[in-house]
Each structure stands twice: as structure tokens, then as C-alpha cells.
Amino acid sequence: MTLYMLSVHSSEDAAPEPMTNEEMQQSHQQLGSLEKEMKSSGAWVFSGRLHEPETATVVRMSEGKVMTTDGPFAESREHLGGFYIIEAGNLDAALALASRVTAAIRTPIEVRPFTDESGA
Amino acid sequence: MSPGPDRLLDEAAVGRIFREESGRSVAALIRLFGDIDVAEDAVQEAFAVALSRWPGDGLPPNPGGWIVTTARNRAVDRLRREARGRELLGEVAVLSPGTPDPGLPEEEGRVQDDRLRLIFTCCHPALSTEAHVALTLRLLCGLSTREVARCFLVAEHAMAVRLVRAKRKIKAARIPYRVPADRELPDRLRSVLVVVYLVYTAGLNGPPEAGLCREAIRLARILATLMPDEPEVAGLLALLLLTESRRASRTRPDGSLALLGEQDRGRWDHALIEEGQAIVRRCLHRNQPGVYQIQAAINAVHADAATFEQTDWSQIVALYDQLLAVAPTPVVALNRAVAVGEVDGPAAALALVDELPLDGYHPFHATRADLLRRLGRTSEAAAAYERAAAMAPTDAERDFLRLGGRASR
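Which chain is which? The protein sequence lines are A and B, in order.
Number 78 in this note's numbering belongs to position 78 of the first sequence; there are no gaps in the numbering.
Count along the second sequence starting at 1, add 120, and that's the number in this note's numbering.
Simulated from the structure, these hints should not be mistaken for laboratory data.
Please note that a few of the clues may not be correct.
Incomplete in silico selection of chain A near chain B, CB under 10 angstroms [stated by the list, open to error]:
| no. | residue |
| --- | --- |
| 1 | Pro18 |
| 2 | Ala93 |
| 3 | Pro113 |
Derived Cβ-Cβ restraints for the label pairs, each shown as a range [to be verified]:
| no. | chain 1 | residue 1 | chain 2 | residue 2 | range |
| --- | --- | --- | --- | --- | --- |
| 4 | B | Ala275 | A | Ser76 | 47 to 53 angstroms |
| 5 | A | His28 | B | Ala447 | 38 to 44 angstroms |
| 6 | B | Ala447 | A | Gln26 | 44 to 50 angstroms |
| 7 | B | Thr249 | A | Lys39 | 55 to 61 angstroms |
| 8 | A | Gln29 | B | Pro483 | 28 to 34 angstroms |
| 9 | B | Arg497 | A | Met19 | 24 to 30 angstroms |
| 10 | A | His9 | B | Val284 | 23 to 29 angstroms |
| 11 | B | Pro328 | A | Ser11 | 55 to 61 angstroms |
| 12 | B | Gln442 | A | Lys39 | 34 to 40 angstroms |
| 13 | A | Ser76 | B | Asp161 | 36 to 42 angstroms |
| 14 | B | Arg288 | A | Gln26 | 37 to 43 angstroms |
| 15 | A | Ser76 | B | Glu207 | 51 to 57 angstroms |
Each computed SDA-like pair below joins lysine to any residue, with the alpha-carbon atoms no more than 20 angstroms apart [unchecked claim]:
| no. | chain 1 | residue 1 | chain 2 | residue 2 |
| --- | --- | --- | --- | --- |
| 16 | B | Lys291 | A | Gly89 |
| 17 | A | Lys36 | A | Asp116 |
| 18 | B | Lys289 | A | Thr68 |
| 19 | B | Lys291 | A | Arg100 |
| 20 | A | Lys39 | A | Ser7 |
| 21 | B | Lys291 | A | Thr2 |
| 22 | B | Lys289 | A | Ala96 |
| 23 | B | Lys289 | B | Arg303 |
| 24 | B | Lys291 | B | Glu250 |
| 25 | B | Lys291 | B | Leu236 |
| 26 | A | Lys39 | A | His79 |
| 27 | A | Lys39 | A | His28 |
| 28 | B | Lys289 | A | Ile85 |
| 29 | B | Lys291 | A | His28 |
| 30 | B | Lys291 | A | Lys36 |
| 31 | B | Lys291 | A | Asp13 |
| 32 | B | Lys291 | A | Pro113 |
| 33 | A | Lys39 | A | Phe83 |
| 34 | B | Lys291 | A | Arg112 |
| 35 | A | Lys36 | A | Arg100 |
Here a beta-carbon is modelled for each residue, glycine too, at the ideal position from N, C-alpha and C.
Let's have the full structure, built from the sequences with the hints guiding it.
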């Protein structure tokens, strides 16, 4: 088994069409049942949704001292919006779950394997 | 083993067997060890042993099986000496009990499945198309990294990096070693067929000594044997065979291009034409058309004509209509327009061509040039030839276009 991170990347440039209330509800339902399914099959390890990038704070070493600065680390227009960590037998199984997530939220998902040394 | 004189082999013969057998052997070893690098190294080593033994001992009765068995033994010996290897062998031992000796002839069916698994892994959608082609040529066709690099006019080092990166991704992301399930098959098969087609066209335009056309046809034959129920696999094989039948007459003695209308049809390979046309007939009978089958059918119509003038152009236009319905691209529309030009004349064709958004595609300008020339619009034709020549990918095509496409036909 391999651990994969499915990360949801929101881009300020390519924001998806806003959903109607009805579509939003449908999307929530789809995600809800998908997560339930992932939990019962044992694929789900952890997941979370992040606040907007403006809420981020960065700490870094500068001349031997820790500096704290406001704002996201990367000055990019794309930000991590949330993620799932799942366990799957191979990439195809991970991609199958990722396909269902992206269909529900209409945002691209990046699928990336953890190294063997990662915990869990 | 008693070596008869006819079984004595030289290095070139072992090299030929390497090309024939390495893909099958690497595929079998990947199944046994679950690791591409281990498999490649072991097969290389087994061929080195073959090179030192076969010329003296003679060819074993089943050279492919001999290579697989030798490679497996070498890999086990090597892995036993390394810590990581012992770990890997532990996993292999779990797999082994149900796995009979891959060197035995009765394993044929299973070993062939390995090649199918391998091509689907090489052409997995999580890898780039460049990686698909490079991995397929390296692992299934047994080309060296240098040979693969030369086919695509890439520096050897850059190709080595591309291959290492792709293999690392297969391993790290666990791209599975399997033939996709039925519901995924149409999509996944499409990328495999694209790769085989790309290998063939790279062979048409690249250095002939690389033998890519032959490798592509060999891959297509393997796929057609292993997937007899896929009409598009048969279609691709037929398309390649029919294209190949004309390859020798595609260039003139001075190396320049010969258009279909100027080719010496006596030099077409009639055995390949017969084989290709028989497949096309079976496809028509099956009636599940697709892009490769329709293109093969178009080529089959050309192959039927004793002269360019005798070509059944209205049949070709009808086939392009069908192709345009399943693959509505401007390039298909351009080819259809050329056929329309033979039925309804150059003015009708030019009207269709001028509608197409293909300004950056050199055959578009070459086609316009030819139609303008036939309409007597000489200066416009010259300008179009010059634009086409400036974009032509090979010297042969450039020279051809600079000469104004010659007053062909």
C-alpha cells in the first residue's frame, strides 16, 4: 500500500464557475458519501480544508533568528485549498478516487505519492 | 548440447535475437521482481552471457526462455549480495510458489501477457507522451538509450534523464503493472496505439538505420495477436503495413521525396499490401469503424489503383467524410480537400483549404501551393511553396518544396 496526497489547488485566475445553491448541495452530498466510502474501505487517512491564503503566516530562519511574516509562502496565484491523504494499492486506485473528488468539486486535484519512510 | 555448424552464431545474430527477445524477457522479469531496473540489468547481463556462450555452444532450443531463466538466476544472485535486494527477494519468494519457471515453453501465454502489461505501464496516462515513446522503445523494443535519443534528435544525456525520471515515477507513484480493466481499456488503448503510430512516423522521418518502422510494425503485430478483439488494433496494423508497402518508393534515388502520384507503383511491396488489405476487409466486415481502420481503408483504396489516375477518388472522399465524422480535425479536413480536388477539381479544393486554421502547418501551405499551381496562379503558388519550405521539418521535403514541388503528374 502507498500513501498519496490528493491536493486541491485553487487558482485565482482559473476559478471555476460559481455553483448554484442546488449544485453546492449536490457537491456536498457527493463528497460526503465519497468520504464515507473511503473511510469504510480503509482508504481515508486524513483530510482537511484550509482557510484562505491570507490567513497564513510564514516563519523562517534569517541570519540565525526566526522571522515571522504575514501572508502565504509563495507569491503565486495558486494555493492549496485542502487535501486528502489516502492509502491505495496503486496509482490507478488513487486516481479513481481523485477523479471522483474533482468531479464533485470541479477543481483540479494533484495526486502525489508519499515516500516509503512516511508514517502511518 | 551439441552445436551443429548451422547453429554457430556471431555477434550480429545475437544482436538480432536481442531485438526480438529483450522486450519479452524484460517484461517477464518485471513481473518476477516488480522492479524495472532490476529487470533491465538482469536481461542485459543474460545477453552478455549469451554473447560469450552461444557462438561456441550454439543456439539453445528456446533462446527467449534461456534468456529469461539466465536473467532470473543472475538477478537472484545479485540481489542476495545486497541488503535491499534481500528485502526484495523476500517479496518475490511470496510470489514465487504459484509462478512456474518462466523459461518453460508452456509459459508462452503468460509471458506474452507480460508484454501487454508492460506496454500499458509504459503508456500510462500519468506519464507524458515523450516518456511513453521513450519507455516503449527502451523496454519493449530493446533500443539503447543512445539509439532512442538519436531517433528523436535529443542528446543522449537528456534522454537518459527522461527515462530515469519516468521509471522513478512508475516506482514511486506505483503505476501498476497490469492490463487495464474493460471499462478503462478504450481510453488506455488509445494512448498505446498513439505511441506505436508515433514510433512509426518517427521512423519515416528519422534515420532509416534506427529501424523504427520495423519496430512499430512488430509492436502492432504483438498487440494484434494479444488483443484480437480490438478492431482499432487491427486497423493500426493494417495502416502501418499499407504505409510500409510504399516506404521504399517514397524517396527518389537522390533522397528527395516522391509524391503518391509520382511513385513507381511497381516498387510497392505487394505482400504487405495483400496482408494489409485482408485486415481491412476483416475490419469492414466487423463494422466497428475507428480512426485507424478508416485510414487503413483509405490506404487500401490507394493500393488498389494501378496508376494514380485510376484511383477511386470518390471512394476516398467518402472515407474521409467518415473519418471527419469521428475525428473532426483541420488536418483530416485538409486531406479530405485534397481528395475532393481529384474529384471536383482544384478550385473546389482550394475553397475548402482556405477555410482551414492551419497557418502553422507546412502541408497546408504545400497543398495550397499545389492547388494554386494547377489553377495557373503561378506567383501565389510560388509564395505558398516558399512558406511551406520554410517550415518543412526535413531537408528532403524542403528541397522538394523549393523546387516548386516540381511540375508533378
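Practice item. Against the earlier hints, flag every one the structure doesn't satisfy and list their numbers going up. Key: 1, 4, 6, 7, 8, 9, 11, 12, 15, 17, 18, 19, 23, 26, 29, 30 and 31
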